[in-house]
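A.B. asks: Two chains, two frames, a set of hints: combine them into the complex.
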Amino acid sequence: KNQVEQSPQSLIILEGKNCTLQCNYTVSPFSNLRWYKQDTGRGPVSLTIMTFSENTKSNGRYTATLDADTKQSSLHITASQLSDSASYICVVSSSYSSASKIIFGSGTRLSIRP
Amino acid sequence: DAGVTQSPTHLIKTRGQHVTLRCSPISGHKSVSWYQQVLGQGPQFIFQYYEKEERGRGNFPDRFSARQFPNYSSELNVNALLLGDSALYLCASSLEGLGSYEQYFGPGTRLTVT
Numbered sequence: 024k025n026q027v028e029q030s031p032q033s034l035i036i037l038e039g040k041n042c043t044l045q046c047n048y049t050v051s052p053f054s055n056l057r058w059y060k061q062d063t064g065r066g067p068v069s070l071t072i073m074t075f076s077e078n079t080k081s082n083g084r085y086t087a088t089l090d091a092d093t094k095q096s097s098l099h100i101t102a103s104q105l106s107d108s109a110s111y112i113c114v115v116s117s118s119y120s121s122a123s124k125i126i127f128g129s130g131t132r133l134s135i136r137p
Numbered sequence: 005d006a007g008v009t010q011s012p013t014h015l016i017k018t019r020g021q022h023v024t025l026r027c028s029p030i031s032g033h034k035s036v037s038w039y040q041q042v043l044g045q046g047p048q049f050i051f052q053y054y055e056k057e058e059r060g061r062g063n064f065p066d067r068f069s070a071r072q073f074p075n076y077s078s079e080l081n082v083n084a085l086l087l088g089d090s091a092l093y094l095c096a097s098s099l100e101g102l103g104s105y106e107q108y109f110g111p112g113t114r115l116t117v118t
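Respectively, the protein sequence lines represent chains A and B.
As numbered in the numbering used here, residues 24 to 137 make up the first sequence, in order.
As numbered in the numbering used here, residues 5 to 118 make up the second sequence, in order.
These are computed hints drawn from the structure, not numbers from a lab.
Accuracy of the hints is not assured; some may be wrong.
[Claimed, not checked] Within a straight-line C-alpha distance of at most 27 angstroms, the following computed BS3-like cross-link-like pairs (lysine-lysine) qualify:
(1) A:Lys124 to A:Lys80
(2) A:Lys24 to A:Lys94
(3) A:Lys124 to B:Lys56
(4) B:Lys34 to B:Lys56
(5) A:Lys94 to A:Lys124
(6) B:Lys34 to A:Lys124
These numbers were taken from a predicted model, which means no experiment stands behind them.
Next up, chain B with everything else stripped away, as it sits in the complex (with noise of 0.2 angstroms):
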């Protein structure tokens, strides 16, 4: 039973550049949340989403923006990409989008920006 993935492993973009990260839950969940990683500390709350609408947002600028599809997979769109967007980005899904349901971290997207 395949856990959460997510794709690319890996990403070099430039100042300026948009990226996009993708993410497949695990197979029944229908909530998918994103978070920022910077080397050294704790992830940051990006977005959360369920049933296709987003349910939380964390303190991100506008540039970030995210979508759920039909089949409950989620990407996540970064545009005018800054040098402090580097990070590991991280997706997890669970069976419900709120309260005490387990989340399950994929292992992240390294996005470097030069």
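This is chain A alone, in the form it adopts within the complex (with noise of 0.2 angstroms):
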């Protein structure tokens, strides 16, 4: 079955700090990786887009990676601001002939404190 899970599912942490967030995934046939800021009631922002042969990709103070053998991928964020405060996504793209599926994580939800 096509699972993407994220964790931690929430996690709180004070301005300044770095953090780490986690996606595993068993999608396949594997096609990209792709890491979303969503705001409250907004629509998702995308971060970084890795393919199979990427393991690391850079925007700003976000830094994803990806292992392909493993099937696992992360997003290390560097000095938090108060305005990462978001839900963050991890979303698996499988695509094949002329198909494709997209399949979500459920996101961790990250809280900067002052």
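C.D. replies: Right, dumping it as structure tokens:
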């Protein structure tokens, strides 16, 4: 069964601290993995996208890693800011022939405290 | 340059009714995907359309249907509404249908079924 599991479910850290969010997937065949940031009541905004051959990608203070062998990804946030408070969602796409399937994780709810 | 637009922003319907949600992709984008996001959970993939053809379908009943028009805009239709259909419905557009193309999300339509 195609699944994307994220941990932790929620996380509270102090402003300025670093944190790492985890994503494990069982989606096959694998096409790409994306991390999104979603503010409450808004649509998700893309942070990074990685294909099978990529194992790390950065976007400012966000760094995503991908281990395609163990089917794990992480999102590391450096020097957190209050505006980082949001849900972070891991999304894995599976493409085969002319069809595609997109599976979202349930997200990690991150709260940054001053 | 306009992003993905969705209408209406909010909608209240009663059980058994029908609803039509609309999405206009970013200019030049040929693919539109629809997602359902229940409060507190990650989005669930409903459909992907590319060049007016269905290219992906999630695990949703036949009450859910969609189509893409020649101008690449899209409609999501839901028949015989149930209370459980209450959710944020997100539309995302991308340049092409498959592969590692970036997806851009609209603000969503909040559907409440009473």
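A.B. asks: Which constraints among the numbered hints does this structure fail? Numbers only, ascending.
C.D. replies: none
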